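Let the sequences and hints guide you as you build the complete structure.
There are 2 protein chains.
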Amino acid sequence: MTNPRGKLYLVPNTLDFGCAPGSEPELQDVLPLGVIRIAARLGHWVAENAKTTRAFLKRVDAVVPLAQKVQALAIVELPRAQKGAPKLAPPKLAPLLAAALQGHDMGLISEAGLPAVADPGSDLVQAAHELGIEVIALPGPSSLLLALAASGLNGQSFAFVGYLPVEATARCARIRELEALSSRQAQTQLMIETPYRNEALLAALIMNLEAATELSVSCGLTMPQAYSRTATVAQWRAGTHRLPTDVPVVFSLLASK
Amino acid sequence: MTNPRGKLYLVPNTLDFGCAPGSEPELQDVLPLGVIRIAARLGHWVAENAKTTRAFLKRVDAVVPLAQKVQALAIVELPRAQKGAPKLAPPKLAPLLAAALQGHDMGLISEAGLPAVADPGSDLVQAAHELGIEVIALPGPSSLLLALAASGLNGQSFAFVGYLPVEATARCARIRELEALSSRQAQTQLMIETPYRNEALLAALIMNLEAATELSVSCGLTMPQAYSRTATVAQWRAGTHRLPTDVPVVFSLLASK
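One line per chain: the protein sequences are A and B, in this order.
Sequential numbering from 294 applies to the first sequence in this note's numbering.
Sequential numbering from 294 applies to the second sequence in this note's numbering.
Just so you know, nobody snuck in bad clues.
Capping the alpha-carbon separation at 30 Å, the derived lysine-lysine pairs in DSSO-like fashion look like this:
(1) Lys351/B - Lys300/B
(2) Lys344/B - Lys385/B
(3) Lys385/B - Lys550/A
(4) Lys385/A - Lys550/B
(5) Lys362/B - Lys344/B
(6) Lys362/A - Lys300/A
Covered stretches of chain A (in silico footprint by chain B; criterion: 3 or more residues with CB under 8 Å from a CB of chain B, positions within the stretch not fixed):
(7) 450 to 460
(8) 520 to 527
Pulled a few chain A residues facing chain B out of the computed Cβ check, cut under 8 Å:
(9) Gly327
(10) Ala430
(11) Gln480
Think of the hints as simulated: they come from the structure by calculation, not from any bench.
The structure displayed is predicted, hence computed values, not measured ones.
Here a beta-carbon is modelled for each residue, glycine too, at the ideal position from N, C-alpha and C.
Take a look at the structure:
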């Protein structure tokens with residue numbers, strides 16, 4: 294008996310979300326043609342944001358014509374997580390996967406990078422597993438792993454910890470906790486920040502970390518203006534630093550033993 | 294004054310290393326055309342393995358003709374880390390970057406996936422930063438992040454911990470330590486194993502983890518036979534499981550609070 298269910302494809306997006314128009318790389322510079330081809334034929338989507346998904350699909354259409362017009366595609370948005378509310382149980386998400394249960398392949402996409410990694414979507418993927426829907430993650434850019442590779446810090450053991458607390462005392466305590474963990478486990482710790490707070494986070498890291506700790510900052514990866522800088526906190530203290538507020542920035546630290 | 298140095302490109306490789314010949318995906322199915330174009334013009338390489346790099350470059354040549362014949366390329370192998378020996382200090386690696394210091398762009402490549410992530414190369418990247426050589430990580434497939442996305446486990450906080458100890462008592466202790474850490478931090482823990490030990494690791498995880506812990510196994514990502522399965526340990530215990538020994542496998546766990 295063949296499985297009549299469709300598959301759930303996790304479709305990577307580019308990393309230029311929110312960047313100045315005109316500074317985007319070509320789609321084929323950052324996504325494999327095979328991925329663009331799959332995206333072009335999918336008629337059913339679950340998206341972090343329907344509007345940016347339509348914009349993405351127009352870029353796809355310019356490389357590989359879409360099987361259906363953008364207007365004809367079924368694009369449903371993921372329910373937004375309410376702060377403090379319990380996460381949605383997989384059964385609540387099953388209706389979003391109805392097309393797959395009826396035999397149609399579906400796409401899951403976020404606003405930037407891989408869905409379900411530092412982005413919404415993992416609850417839907419879990420629901421797909423529970424419904425026996427095959428999940429296929431397609432390769433594409435991840436700012437986290439590109440930043441880690443470009444940092445030169447330990448890539449054999451690393452953790453992504455998301456956002457740090459905003460409140461100063463809690464943020465300082467968290468920075469020291471991550472540094473202690475990094476030292477104990479020889480583990481690189483990666484974090485991100487809301488763009489307009491990037492400089493404040495860099496300042497807090499420089500102020501609170503030990504002088505010998507390695508600190509890396511990667512900005513605008515995959516874009517023309519991309520750069521990565523890795524130096525000890527002592528070296529960072531010796532200069533002044535501006536960070537862009539219109540491109541993704543990833544911070545990484547590795548404490549000495 | 295313009296910077297006369299070349300750049301160090303971190304070039305992703307495919308994930309089909311060691312797989313049965315004929316089962317490899319097309320290069321354009323897994324790597325962006327922009328990345329293939331850059332690889333085709335680089336004349337100087339530092340590689341985990343020179344032979345597999347030449348094989349990779351022949352696949353590149355079939356899509357975008359190489360600027361020079363493969364035989365004419367300078368491909369230098371990374372020194373292998375000696376077990377127990379201290380890692381090489383960046384100054385020792387500087388000679389490998391001589392071409393960049395002379396103004397030539399260079400490529401760093403490993404046998405599979407992104408260089409310097411769960412693979413050698415980070416020491417060379419750090420040496421590049423110290424020499425003022427610009428480092429540019431190019432997007433491509435990472436089995437770790439594809440497995441994480443496909444698992445449906447927490448992608449907002451995760452850690453890659455590499456290999457577990459081989460000795461049974463130490464392995465069991467490490468599994469319980471990772472489960473406790475996962476529960477405390479709500480952090481997905483990812484690990485890999487030498488292929489012929491994949492089934493032994495799965496058995497050890499099923500035996501030692503709590504029944505309610507979520508366990509995910511992803512095999513052969515980006516390949517035709519790819520699959521991901523996520524279930525509770527109790528569900529894994531209810532079946533028997535064979536794992537392939539000729540494709541990469543990534544294991545992920547997330548303990549309940």
